[in-house]
Amino acid sequence: MYFLLSLFLFTSCNKNEVMKLTIASQEADCVGVAPQKCLLIKKENQKDWENLYGGIEGFNYEEGNEYVLEVKEEKIDNPPADAPAMKYVLVKEISKTAKVSEGLPQKAEVAATFQLTIASQQADCTGVAPQKCLLIKKDGQKDWEFWYSGIEGFKYEEGNEYVLEVKEEKIDNPPADASSLKYVLVKEISKQKKTSDNLPKPKK
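Everything in the sequence shown is counted per our numbering, starting at 11 for the first residue and increasing by one.
Incorrect hints may appear among the rest.
Claimed, not checked - Simulated crosslink set (EDC-like; lysine to aspartate or glutamate; CA at most 20 Å straight-line):
1. K52 x E112
2. K30 x E83
3. K82 x E60
4. K201 x E179
5. K109 x E73
6. K53 x E84
7. K197 x E171
8. K47 x E60
9. K197 x E167
10. K102 x E80
11. K201 x E162
12. K165 x D134
13. K180 x E37
14. K109 x E167
15. K177 x D149
16. K109 x E76
17. K52 x E80
18. K102 x E73
19. K52 x E73
20. K177 x E112
21. K82 x E27
22. K142 x D153
23. K47 x E72
24. K47 x E178
25. K203 x E175
26. K197 x E37
27. K106 x E162
28. K47 x E162
29. K57 x E80
30. K30 x E54
31. K147 x E175
32. K57 x E84
Calculated from the structure, these hints are not laboratory results.
Please work from the sequences and hints to get the whole structure.
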């Protein structure tokens, strides 16, 4: 009897709740100890998205996809005062769908995305000062144009022509001599070692 009771208590204490979570296709700005990015999640039968501050152990998130996951909730012994008392651990990824999640909170509205072709070489250009600019073409564009802003998250290697998907984000309170928009890499669609056609001739 004592053995059975001990076994029951041991099993109860070590049982972690397993549940399904839906993960939105975009993260949200949130504030924990400091400003950060949070996953947006829904538990089963939940209507509204909520911020998940702690992340999900073992889960590799890619923006632009909505996920359904099976996770287990584990208690954290003696967590710091400013940290959650529970953590989520991935059990399995049930589905991953490239889509824009519905009903996202206002601040998590999807930024405009578009494709850019990046030429195999840069060009001399002048912004605030002389600099090197990427040469780009937007969807359906015939001629190359200077790209002064750079692309966050993109590593350029001269001698390669790229096709990228990028998103446009608004910058709050930019400096007077800077753009009010920034461009962020969503994904690298292709990278081809070649000399791009019809490049502008360098100015003498």
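Item to check | Ascending list of hint numbers which this structure does not respect | outcome: Violated hints (numbers, rising): 4, 14, 27 and 32; every other hint is consistent with the structure.
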